[in-house]
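Protein chains: 2
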Amino acid sequence: MYRQLGVIGCGLIGGSFALALKHAGLAQRVVGYSRTAATTALALRLGVIDEVASSAAAAAAACDIVLIAVPVAATEATLKEIRASLEPGVLLMDAGSTKRDVVDAARRALRERIDCFVPAHPIAGKESSGVEHAEASLYVGHRVILTPLPQTDPALLKRASSVWQSIGAEVRLMSAEQHDAAFAAVSHLPHLLAFAYFKSVAGQPAGDEFLALAGPGFRDFTRIAASDPAVWRDILGSNREEVLKQSQHFRAALESFETAIRSGQGEALEALIRGASEGRADWRMGKLPDA
Amino acid sequence: MYRQLGVIGCGLIGGSFALALKHAGLAQRVVGYSRTAATTALALRLGVIDEVASSAAAAAAACDIVLIAVPVAATEATLKEIRASLEPGVLLMDAGSTKRDVVDAARRALRERIDCFVPAHPIAGKESSGVEHAEASLYVGHRVILTPLPQTDPALLKRASSVWQSIGAEVRLMSAEQHDAAFAAVSHLPHLLAFAYFKSVAGQPAGDEFLALAGPGFRDFTRIAASDPAVWRDILGSNREEVLKQSQHFRAALESFETAIRSGQGEALEALIRGASEGRADWRMGKLPDA
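Quick mapping for you: the protein sequence lines, in order, are chains A and B.
Using our numbering, the first residue of the first sequence is number 1, and each one after it goes up by one.
Using our numbering, the first residue of the second sequence is number 292, and each one after it goes up by one.
Next up, chain A with everything else stripped away, as it sits in the complex (with noise of 0.2 Å):
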């Protein structure tokens, strides 16, 4: 049991966080900040935080767990301004969708406070974002990947792992250079091609016309091209390495492809497809190499 949790940042990520440990009977008190007073506003309203703190600085003070659910080019910012005020034995996390500029981030800002810090980057989200749609059980049945430095004190590791076992997620720990190589080749990149595959299709004369013939398949393909364009600015830009090898790796493959496309090697052509096809067919999400 906690006896205060500052959130800063209240949106989708940070109160449904509050709500969960409230309903697991995990936090006493939750107080809150959000750079615009209207969401704190909100999210005391729905009982989300108990206290509306007045800077980030005060959210974190006093209390003995912080998570910071900000957009990751703020993370910085944030930890900077709430080094000073962060209490002995504190757990502080974040909940970035990328970890190594996090890490290098919480470095220059936390300093000899680095110790307290334990970078998490829990795989939940929905359609809507904002506060009003926060929910106690977002985190259920979901990932959360843990990816703790050198300096990260092991007790708190053990302490973050289990709160967020406790609301229902499935903790998985590995380093940050990993877990940005993992997430710039099955999030990233596929958020990339997405942009770029509607905007060469809407950007063309006939593209209204084509866009009114497109059916399911498309529909599927292009949910990620609605995506917010703030996060994912901060995501391409701080995974740059990363999502650029990617995307490397993908158009030697189109390329491939196209080569089989454009000599009419029909056989070649069925090979590719069928690796890809049976591959896919057999995926299923969360399945383990090793399971």
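Don't take each hint at face value.
Claimed, not checked - Output of the computed footprint for chain A on chain B, the stretches with three or more beta carbons under 8 Å from beta carbons of chain A: (1) 474–487; (2) 504–513; (3) 533–547; (4) 563–572.
Keep in mind the hints are simulated off the structure, nothing from the lab.
Think of the CB as a built atom: it goes at the ideal place given N, C-alpha and C, for glycine as much as any other residue.
For chain A, the structure is supplied; the task is to place chain B on it using the hints.
What follows is chain B alone, placed relative to chain A:
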């Protein structure tokens, strides 16, 4: 009311057309042929067809309406086989996903009988193929594109429109060229990208670990990568010019995103993403540009 419908290729598409015409009281009798005897046996048992024909020519004989629902690459051979059996005044349609190659094949195969042919592409399907998944309502609310030739008998074109409308479909007319350009953009290219993307991730040394971390965005983006290899070999091969043209458009768009990422131009990147994101959020399936 048609006296006899001949269905060549009794799979999901052909079988559903037969069921729909029966349910609508539009066909007195259905004769079916498939390359695999087990398929027609099952179609007969399920009441999809009333009689099994011993050949494509036998299925087409004595019919006043014929639907060819075979893989695109088998269209020409099928048309050649049935030409001599076609009754005067018969309405002959196909159901292929590409149209220029079908029109070319029909010119070569049907010669002076080309006037009876109305090329059709019903934009409907399901995850699962095969006559056991056929249903009378498959075409309800879906689009059917007809791409008549200059030689197509106008009376037959009218009857073709009418029969599809009677089973719940919405008919659009366009040229085979317009059809193939549009579907290269909104269907064929997304399939190619999904195949290539899945292959590029799965083919990496850490591919299995990456795939184990993939979530709902990945699931939807890659759903079409599980499509049938033989069907898509034919589609990508027969519409290769338009597909490769669309792929070039896509590569140019991807390049512009990558340039913004590589050079750290956050504002330019956000503007590019915003264009795609707002466009996709505004898109609705079946929304016409003039609607």
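Cross-check of the supplied hints:
{"no.": "1", "hint": "474–487", "result": "holds (count 12)"}
{"no.": "2", "hint": "504–513", "result": "holds (count 10)"}
{"no.": "3", "hint": "533–547", "result": "holds (count 11)"}
{"no.": "4", "hint": "563–572", "result": "holds (count 9)"}
The structure is consistent with each of the numbered hints, conforming to all of them.
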